[in-house]
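*Asks:* Sequence:
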Amino acid sequence: MFLSNSSVRRPVAMASLIIGLTLLGMNAYRKVGLEFMPKVDIPYITVVTIYPGASPSEIETDVAKRVEDAVVSIDGLKHVTSTCMEDHAQTLLEFNLDVDVDTAANDVREKLDLILSDFPEGVEKPKVLKYDINAKPIINLALKGSVPLDELYDYADNTLSDRLSVLSGVAEVQLIGGAEREVHLLLDRQKLAERGLTSADVVQAVAQNVRTIPSGRVREDGTEYAVKFDAEYKSIEAIDALEIAYKNESRVYLRDVGKAMLASAELRQAALIDGESCIGMRVVKKADANAVQVVDRVKSAMGRIQTELPGGMELVWISDDGDFIESSVDSAVSSIWQGVLLTAAILFLFLYNIRATLIVAITMPLTVIIGLFFIQGFGYTLNTSTLLSFGLSVGILVTNSIIVLEAVSKRFAEGMTAKEAARVGSGEAAVAVLASAGTNVVVLFPIITMGSLVGRFFAPFALTMVVVTLVSLFISFTLTPILCAVMLKRSQRKGILTRIEGVFNGILERITNIYTGFLRFFARHRLAAAAVLLVTVAAFVHSMFVASTLGMSFVPNSDVGEILVKLEYPTKYDLKQTVSRVNDVEIALKDMPGLNHVFTNVGKVEGVVGKSSEGVYLAQVLLKFCSKTERQETLEMLLNETRSRLVNISDCIVTANAADMIGGQSSAIELEIAGDDFEKLDGLALATQKHARTIPGILDPDTSVREGKPELRIRPNRAVLSELGVPAVNLGLALRGNLEGIKAGVYKAGDRSYDIRVKFAEEEGKEQVASFQFPGMPGSALLLTNFADVQQGISPIQITRNDKRRISKVYANLAEKKPLSTAVAELNQVFEKEAELPTGYSYGYRGEFERMQESGEAFLEAGLIAILLTYLTLAAIL
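Following our numbering, the numbering of the sequence shown begins with 38 at its first residue and continues without gaps.
Quick caveat, the hints were computed from the structure, so don't treat them as lab data. Think of the CB as a built atom: it goes at the ideal place given N, C-alpha and C, for glycine as much as any other residue. One should not assume that every hint holds.
Pair by pair, the computed Cβ-Cβ distance ranges are [stated by the list, open to error]:
# : residue 1 : residue 2 : range
1 : 360       : 904       : 38 to 44 Å
2 : 217       : 166       : 18 to 24 Å
3 : 468       : 143       : 49 to 55 Å
4 : 573       : 553       : 17 to 23 Å
5 : 828       : 113       : 44 to 50 Å
No farther apart than 25 Å at their CA atoms in a straight line, the calculated lysine to aspartate or glutamate pairs in the DMTMM-like style are these [claimed, not checked]:
# : residue 1 : residue 2
6 : 785       : 313
7 : 641       : 670
8 : 665       : 367
Work the whole structure out from these sequences, hints included.
*Replies:* This is the structure in structure tokens:
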């Protein structure tokens with residue numbers, strides 16, 4: 038063969054090339070990124086639209102449906118799912134895998150820009166966010182202390198966040214708990230009414246009197262002066278002197294009807310670390326950054342930050358992904374080296390030749406190192422897929438070299454010189470090695486071209502193995518012949534090693550004779566051969582049935598030492614009530630074995646689409662345990678104990694899961710029921726949940742059905758408002774100014790700016806809404822009930838839509854040994870027999886099961902193509 042002949046004749050030149058590639062591979066290992074999952078562009082885009090104060094019903098009609106109608110015509114759109122919650126809508130757009138996510142994001146922005154004017158007043162501009170599996174939070178921190186919470190948030194937002202965001206590889210720092218500071222103009226409702234004013238008058242006064250306006254430039258004698266109109270206040274106390282109105286020949290100032298003060302925006306989230314209030318900080322890395330290096334940089338910065346913290350503050354490191362990823366990589370590298378050493382040891386048992394063993398022991402690791410250079414060239418990182426490929430390729434590495442080495446050793450034993458034996462033996466083994474390597478490549482090639490989502494994850498695995506196989510092929514016909522020509526020597530071994538070789542070869546020869554005896558027996562007795570074939574076919578058929586009982590998982594369950602507990606309290610709870618109830622849960626869990634930290638965030642949880650993710654009645658507890666090497670309990674044992682400790686928590690839906698390495702808290706089963714009538718959808722979901730509880734192995738069955746949230750709906754009396762000449766919308770805006778407040782201007786202090794929000798001083802009691810006073814006849818005030826009716830009702834807490842249809846969902850987790858396919862089959866039987874699906878309604882599975890179905894189809898297609906390509910390759914080579 039050309040390569041082997043050239044290598045033997047010019048060993049220095051080829052050795053120089055191999056040394057150069059080895060150095061490049063070592064440099065690539067130094068620079069290659071470390072990740073848990075491969076870098077994959079998943080065509081998911083989320084549109085987040087904020088509508089402060091709106092209920093889910095209003096969000097659905099005024100926001101979600103408008104967004105869906107606008108984007109549904111975009112090419113390549115596969116599914117559109119909207120979740121309508123209080124104050125905001127989340128619309129998830131799933132595109133076909135061949136769609137470029139950047140192009141799709143631009144298309145979405147263009148479509149949304151066309152409908153901005155169609156949104157009601159108060160709706161914020163939609164945010165278009167691309168989903169990136171690698172751009173995720175990798176570090177959890179908590180800032181706690183004895184200082185007030187607003188000071189903690191202010192320091193975290195304006196100092197710590199800036200210190201961490203500038204670190205290389207850090208994309209952003211997300212804050213949990215607390216709120217930004219604002220200047221609040223708190224109005225005394227009684228004093229305001231006595232002067233015949235409303236909160237809208239104060240908003241107008243601020244908007245018209247607190248502002249800086251660049252006015253232009255003037256010039257004199259070659260000097261240019263900038264002219265600026267400055268109507269801003271230099272201190273918060275000075276705002277109290279703002280003139281609100283001029284009535285009855287007297288001026289009304291802000292101090293007459295209220296006061297200005299620096300405060301925090303309305304708290305809708307809270308965070309606790311080990312039972313203490315804190316500000317949670319989640320460090321998100323950039324998609325192409327090395328997770329381990331980012332963690333190391335943040336740890337280095339932590340040392341400096343800790344020394345600069347103001348008195349009474351403490352920054353706590355809760356968890357990070359760096360240690361797990363690094364230990365995974367170290368474990369994989371260790372396994373590869375163990376494979377190399379074990380392979381060399383086993384090879385020695387058959388050859389009993391130290392020199393031949395050294396040849397294989399040198400070529401195997403060099404193949405891996407050189408392969409790293411090409412892997413980095415393809416833009417891949419060391420992750421679950423590529424490391425698994427390297428580990429499995431150890432057998433391939435040794436196969437090619439052994440075939441060449443055996444052929445060379447045979448010619449060398451026949452009397453040829455080492456150099457001639459290396460040249461001739463390598464040429465004779467060329468067809469066998471090419472056939473072996475070629476079939477491996479064609480089997481893996483269809484996986485590289487798989488079009489499903491799982492194909493995106495397996496492509497790095499397959500391509501890495503193809504690269505290593507081709508490098509192994511190159512090494513087998515270059516370095517292996519060179520080493521054989523240099524290292525093979527004739528020797529007459531005597532002593533104990535020779536006797537051991539004789540005994541081992543004798544045993545091996547007897548085993549070989551027994552095996553060949555079986556083959557001769559079956560060759561002579563056709564009935565016995567037919568019986569073996571029947572048994573083989575029966576075993577194959579049986580294996581198909583056994584395969585259906587195996588569990589399926591899109592992502593391997595890894596013990597990262599973290600458990601997420603989602604707590605869902607009655608929807609009527611406010612933030613304070615939820616925090617008080619969460620304390621009971623923390624007390625129940627604080628003495629768990631191996632527990633390091635308990636981090637709780639209230640108001641927002643991480644979950645799948647369709648599950649409530651934001652609301653003051655929601656909480657999520659992160660239980661951070663020591664690493665699995667430092668505790669006796671498995672993560673499954675800790676998960677079961679967590680569930681048992683929380684089984685008696687009243688008025689709370691508890692869901693406990695192991696933390697998902699790709700982020701969030703998901704369920705193994707996601708059953709989606711689609712239709713038009715919410716009552717029927719909720720009834721079907723509840724009936725399915727009831728029957729799911731009777732199926733063994735299905736844990737924590739839950740639905741998206743929730744009790745509505747109490748609301749006060751104000752319906753204007755249009756006839757009265759018409760007589761007074763007051764538009765109905767003006768009344769609504771005044772109500773919003775009274776309660777939530779309206780941003781009327783900006784207060785600047787140094788390099789900081791604060792929104793000025795006008796609102797009533799907060800009071801308890803729902804009766805206050807009906808007693809709001811508005812200007813009436815001169816010298817008198819009218820109650821809200823003179824203009825409108827106040828009705829008490831229930832508002833849905835969440836509305837979920839999929840492909841422009843309303844849906845209800847059923848979720849469930851599975852016991853450790855419960856296969857997903859079996860659980861789905863059992864659930865289908867119950868659903869079809871008991872649920873009585875009405876005409877026009879449908880159901881299906883999303884999430885894990887949907888991905889596994891797509892994966893099965895993709896692998897079946899890839900397998901058939903691989904078989905065809907294997908036959909064609911063998912025919913071409915042989």
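*Asks:* Next, verify each hint and record whether it holds.
*Replies:* Evaluation of the provided hints:
{"no.": "1", "hint": "360 x 904: 38 to 44 Å", "verdict": "42 Å, holds"}
{"no.": "2", "hint": "217 x 166: 18 to 24 Å", "verdict": "20 Å, holds"}
{"no.": "3", "hint": "468 x 143: 49 to 55 Å", "verdict": "53 Å, holds"}
{"no.": "4", "hint": "573 x 553: 17 to 23 Å", "verdict": "20 Å, holds"}
{"no.": "5", "hint": "828 x 113: 44 to 50 Å", "verdict": "45 Å, holds"}
{"no.": "6", "hint": "785 x 313", "verdict": "33 Å, violated"}
{"no.": "7", "hint": "641 x 670", "verdict": "30 Å, violated"}
{"no.": "8", "hint": "665 x 367", "verdict": "16 Å, holds"}
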